[in-house]
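> For this one, chain A is given, so just place chain B on it according to the hints.
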Amino acid sequence: MGQLFAVEVIYRGVFQKTLAKNITRDIVLAAHNEGKLGISFGRYGDAPERNGIPAKSFAIVANDELTLEAGMAQYEPKQVDLTLVLDDTLCKGGESWAWYGLQPVHHALKPGHTLIVISLEDAPTLLKSIHRREEPYKLGIMKGITSFSGMWVFKDDHTDVRVLGAIAKALPEVFSLKSVEQFINEKLKSAAKVTSARNAFERFTTVPVKAGQGNPEVPFAFEKPGWEDMRSAVSIKGQPQGGPYPDPATGKVGGFRPARNELFKKYSTRTLRPVINFSTCTKCTLCWLNCPDASFDVTPEGTYDANLEACCGCGVCEEVCPVKDCVHMVNESEFHDNKSQWEAFRNDKDAYLKWLESTIEKAEPIEKRSHGFRYRGQYAEQVPEALEIAKKG
Amino acid sequence: MATLTLPVEEKKKGTEQEALITGAEAIAIACKLANVDVVTAYPIRPYDTVMQYISQLVADGEMDCEYIVAEGEHSQFEIVKHASVCGARVFCGSSGVGWMYAMEALTVTPALRIPLIAMVGNRALDDPGAFGVEHNDALAVRDLGWMLTWVDSAQEALDTALIAYRVAEDRRMFVPLAISCDGAFLTHSQALVKIPTAEQVKKFLPAYNRGDLLLHPDNVISVAPQVNEDWVMEIRRQNFAVTEIACDVIREVYAEFEKTFGRKYGNPFFEEYMTEDAEVVLLGMGTLSTPVKVAIRKMREQGKKVGFVRLRWFRPFAGKEIGKCLERFKAIGVLDRDFSFGSPDLSGVVATEVRSAMYSNSKTRPPVIGFIGGLGGREVTVPDVESMTDIVFQAAQGKAQPLTQWIGLRG
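Quick note, the sequences are listed as chains A and B, same order. Just so we're aligned, residue 1 is where the first sequence starts under the numbering used here, counting upward by one. Just so we're aligned, residue 1001 is where the second sequence starts under the numbering used here, counting upward by one.
It cannot be assumed that every hint is accurate.
Stated by the list, open to error - Residues on chain B that point at chain A, a partial pick, calculated with CB under 10 Å:
#: 1; residue: Phe1174
#: 2; residue: Asn1239
#: 3; residue: Ala1241
#: 4; residue: Ile1245
Said to hold, decoys possible - Okay, the calculated beta carbon distance ranges per label pair:
#: 5; chain 1: A; residue 1: Gln74; chain 2: B; residue 2: Glu1327; range: 42 to 50 Å
#: 6; chain 1: A; residue 1: Arg231; chain 2: B; residue 2: Glu1272; range: 40 to 48 Å
#: 7; chain 1: A; residue 1: Asp64; chain 2: B; residue 2: Ala1400; range: 47 to 55 Å
#: 8; chain 1: B; residue 1: Thr1107; chain 2: A; residue 2: Glu223; range: 47 to 55 Å
#: 9; chain 1: B; residue 1: Tyr1359; chain 2: A; residue 2: Glu186; range: 54 to 62 Å
#: 10; chain 1: A; residue 1: Glu223; chain 2: B; residue 2: Glu1327; range: 57 to 65 Å
#: 11; chain 1: A; residue 1: Gln74; chain 2: B; residue 2: Val1232; range: 47 to 55 Å
#: 12; chain 1: A; residue 1: Pro172; chain 2: B; residue 2: Asp1230; range: 46 to 54 Å
#: 13; chain 1: A; residue 1: Leu263; chain 2: B; residue 2: Gly1014; range: 52 to 60 Å
#: 14; chain 1: B; residue 1: Thr1107; chain 2: A; residue 2: Glu65; range: 35 to 43 Å
#: 15; chain 1: A; residue 1: Asp64; chain 2: B; residue 2: Val1232; range: 33 to 41 Å
#: 16; chain 1: B; residue 1: Val1223; chain 2: A; residue 2: Glu309; range: 52 to 60 Å
As the list claims (entries may be wrong) - On the chain A side, residues computed to face chain B include the following (Cβ under 10 Å):
#: 17; residue: Phe41
#: 18; residue: Tyr44
#: 19; residue: Asp46
#: 20; residue: Arg50
#: 21; residue: Tyr75
#: 22; residue: Gln79
#: 23; residue: Ala98
#: 24; residue: Trp227
#: 25; residue: Glu228
#: 26; residue: Gln239
Think of the hints as simulated: they come from the structure by calculation, not from any bench. Yeah, the Cβ is synthetic: ideal placement off N, Cα and C, and Gly gets one too.
Chain A with its partners taken away, still in its complex shape:
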């Protein structure tokens, strides 16, 4: 057996699908310049890659054909030499409809290997979201905004070649910077891209992450049942109705919390979350009525609390809310847990409103925002900025 390398790219479907595909293709082609062989593929089971669904692409590279075949003899690599996360909100872990449970981003990373995240945040902030693991690894942050490069209407921001430069540094066994440059010159034919890759190579650094360092949350997981334990007739038991629940301040039971599927939470699809001002809520019911996932709990007070284990972050609630300053969608990177906002409000109203004020300050007004972005036009505006970062670091 020769040497075998696997790279996992975790991205948001469908926005980053082309970018992820380009990166894994580029990895194979750059390595091929050194005589290596490889394949690039997406995890078909993640499809349909709807709006924001966590999804994966892979590159497998080997020194010879038989080793490559050994690497191809599994649906997806169980262990990877490098993991790349294209959207830092995915650091909270992902659950696509094919993964079952919340999968930490480094779930397949070999001990001691490198996790690369594209982000504007620093390592301590990202480690508030990235789950703990028993084996140490390296975290490398490639500075940049969440890129939709390669997608239909979006301009190329050099993310793909910057990633190649970073990989040449983090995993030089796969390919050297020279091979990356050769690949860019021959296939992409762009001197600017060569510069971007070289800059990324030079600036890329990692910080060691010790065993046990990171988000202490235990990601929810479950065993898939055997065929004799599964219901027959391709049927699933419906959820019970749900019911009232207590007010943490008074103990008074009321409201309504629907029962939800404990095995499929979907919230890792979210890049924005609603932040709710319970003191301005008029109990008009519109958010609750319009939520496509029934993710609002009716509180014992009669207000509406977005249950953050159910919310996909679509923003319909904000759109339909008739009250100014009641529902605000805020980027997911501001938050590190899914706790009930209403309970925080009931436990300490003043502290909650203070927190609310500082949090929604970061939210862009709805008229400027579009789904999947922090605000409408953000991407076009930030591409020059991204290119600047690529140049200067």
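Chain B in isolation, oriented as in the chain A frame:
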């Protein structure tokens, strides 16, 4: 207009009636006796006779059911699928390309565990557009989890329809079942049939109880979600579990049938005719049994020890019993009213299955000669049967024979 010869057992409760009816009419009457809740229909010959008879039973006030004429076979099978999930006893059917048009709906019914009873009035698949019998229509679902049975008389059609409901609605089964009736030869020819009483049928056939699989506001379930690669094998394995016990359930139900109605079918899976001392046998399905039996009697007079095995159940295929039955003969001729182009030995479907069953279940390896004949409704004649038998005898004597031969073909 010719009047239907309908039974009048309501007027003479407690006594079995006799009527001169077609195979299709016999199945319509079985639906009435089984108190079917939902019937869907879409005309295509020769199946359409059964929908005509049922609609007349409804019009005459003899049968109470939802009778829905769909806009095509696909919807026809979809409607009964949904009705069955909601607890209705259902019936429908089709023929030839109509059956094929419903194919998507046909494929989903076994996995959803729908005890749908369908009549297939066997018909050649287009092209050429033709009305005559060929078995490739029903056989198209042979690998999908459907139960498939072939009958050769109106009496057997009626009895098998009642048996079918009891087998399919058994909680261990819950899979669709198609009763194949040869177009014209059975669907359109009238014979004297004994019609059991409603009381007898009520005793034999318990109410359809879908239990925890019932789609109902009091039993909230979601049926047929999309899944990915991590669930399909388990779902297929559940259907496989049905096929593992299907033969046992069928045996039980035939025993119950005999007890209730007194008519004996013996081995449920196949009928043996003059096989006791036979050296060679012919094997086939459906109404070709008539010319074969006549020819066998004639050949017996000439001292030729030939018998006949008529296969009733194709799915489940009773491989063990068939392998054991056939191992005692010196050669076997399988007459297929179907084709399986490009199959091993270029045989018909049944010949291939018989060889396969014998490979794992028979102690001997007698030659199995496949014959393809009677396609598109062509008559299988007594001389045809005699010449096939001669070929099988030659094979038994060790004279090499082509493994597949076309019979009754213009040269």
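> Hint by hint, which ones does this structure get wrong, listed from lowest number up?
Structure breaks hints 4, 8, 10, 11, 12, 16, 17, 20, 22.
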